[in-house]
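Make the complex out of the two chains shown on their own, each in a separate frame, by following the hints.
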Amino acid sequence: RKEVEQDPGPFNVPEGATVAFNCTYSNSASQSFFWYRQDCRKEPKLLMSVYSSGNEDGRFTAQLNRASQYISLLIRDSKLSDSATYLCVVRGQGGKLIFGQGTELSVKP
Amino acid sequence: EAGVTQSPTHLIKTRGQQATLRCSPISGHTSVYWYQQALGLGLQFLLWYDEGEERNRGNFPPRFSGRQFPNYSSELNVNALELEDSALYLCASSLMSGTGYYGYTFGSGTRLTVV
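Going line by line, the protein sequences match chains L and B.
Numbering of the first sequence is given in our numbering, commencing with residue 1322 and proceeding in unit increments.
Numbering of the second sequence is given in our numbering, commencing with residue -2 and proceeding in unit increments.
Chain B with its partners taken away, still in its complex shape (with noise of 0.2 Å):
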C-alpha cells in the first residue's frame, strides 16, 4: 500500500511568490491535514480537510489556504510569501475523519525555502 506523497520535495521561491504543495493521501483515508515544522520548532496545525471540506484551522493569516479534491488529494498555497514561511511542510492522513482513535500516517514532507 503506497503511504502519503508529497510533492515536491524541495521549493524554493522569493519573497512575495506564491507556492504550492501537494499531498496524495493513503488509498481510503479521506482525513488530509497540513502542519507546518519550522527549523527547531515543533509542528503547528495549519489546516484539516476532510470529504473535500475544511472543517478546522490553526492559527495562520488567511495567505495560507487549501483544497481537497473529489479523489481526497490536497493541494496547499502559501499566498505572498515571507521569510519567516521557510518550514517543513508535513502532511498526514487519517483513517477516520477525526473522530477515532487512529494516529495520523505523515509523509515524508516538503521543505519550503523563502530566499
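The following block holds chain L by itself, in its conformation from the complex (with noise of 0.2 Å):
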C-alpha cells in the first residue's frame, strides 16, 4: 500500500464548478499534511497547509480527518487557472515529505 494514494484523475470540470480531492495516508503518526500545486513541467508549490481543525484560504478549503487518515481539498467557484496537478503531502518519518502521485484538474471554459 502506498503511503500517501489520491484519487485518481484527470478532473475534467466547466468554470465555476466545485471540485473535491481526497487522500488518504497510511501511518497514523503523521503529524504534518500540505496541498501542493505543480504546473506542468514546473516544480510543486506550497497551495496550504491542514490543520486538524479544518481551514480555508479564498476558494480553498482543507479539510483533515485524523481517525480515518484522511484529507481532503474543496475548491469553489473553479477559475481556468486552477488547472494543475493537485499534489497531497504528509510529513512522513524522519521529517521528509511524502508525495501522493498527484490529481490532475483540468478546468474548462
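Any given hint could be a false lead.
[As the list claims (entries may be wrong)] List time: in silico DSSO-like cross-link candidates among lysine-lysine, alpha-carbon distance up to 30 Å:
#1 K1323/L with K1366/L
#2 K1429/L with K1363/L
#3 K1363/L with K10/B
#4 K10/B with K1366/L
#5 K1400/L with K1429/L
#6 K1366/L with K1400/L
Derived by calculation from the structure, the hints in this document are not laboratory data.
For clarity, every value in this text was computed on a predicted model and none was experimentally measured.
The structure is reproduced here in C-alpha cells:
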C-alpha cells in the first residue's frame, strides 16, 4: 500500500464548478499535512497547510480527519488558472515529506 | 529574498557517465531535500541533508549520493548513469530542520536526460 494515496485523475470540470480531491495516508503517526500544486513541467508549490480544525484560504478549503487518516481539498468557483496537478503531502518519519501521485485538474471554459 | 536555486537547468549525459547537480537553499534554511520525478510519476524522496549531515535516505541505490557544504548549499551526484535516471531532479529547502510544521520551497529543478 502506498503511504499517500490520492484520487486518480484527471478531473475535467467547467469554470465555476466546485471540485473535491481526496487523499488517504497510511502512517497514523503523521503530524503535518499539506496540499501542493504543480503546473506542467514546473516545480511543486505549497498551496496550503492542512490543520486538524480545517482551514480555508479564499476559494480553497482543506480538511483533515485523523481518525480516518483522510485529507481533502475543496475548490469552489473553479477558474481556468486552477488547472494543474494537486499533490497531497504528508510529513513522514525522519522529517521528509511524502508526496501522493497527484490528481490532475483541468478547468474548461 | 532569493528562492531555492538549482543548476544546471538541463543536463544531457550518456549512459555510464556521472552527473552533478547543485542546489542553493533559501537564506537561513539549513535543511536541503532532493527528490526525483520521472515522467508521469510522483515525487520520490532521495536524500535529506541538514547541518552538513545526511539525515535520511530514500530507496535509491548507492550510486545516488550527495553532500551539503558549510554554506548549506548541496550537491547531488549520480554515478554510472542509467537510462531510467532520466527525470526532473528537484531540490527543496525548509525553515525548520525536519521537525517543524512548514512545507518545503522547491527550486525549479534540473532536467537530466540520459542517452
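For the pair supplied as a hint, K1366/L and K1400/L, confirm whether the alpha-carbon distance does not exceed 30 Å.
holds, 18 Å
Hinted pair K1323/L and K1366/L, Cα distance within 30 Å
holds, 22 Å
Check the hint pairing K1363/L with K10/B against an upper bound of 30 Å on the C-alpha distance.
Holds: K1363/L and K10/B sit about 21 Å apart, inside 30 Å.
Between K1429/L and K1363/L, does the CA-CA distance stay at or below 30 Å?
holds, 21 Å
Going straight from one Cα to the other, do K10/B and K1366/L come out at no more than 30 Å?
holds, 28 Å
Check the hint pairing K1400/L with K1429/L against an upper bound of 30 Å on the C-alpha distance.
holds, 8 Å
Checked against the numbered hints above, the structure breaks none of them.
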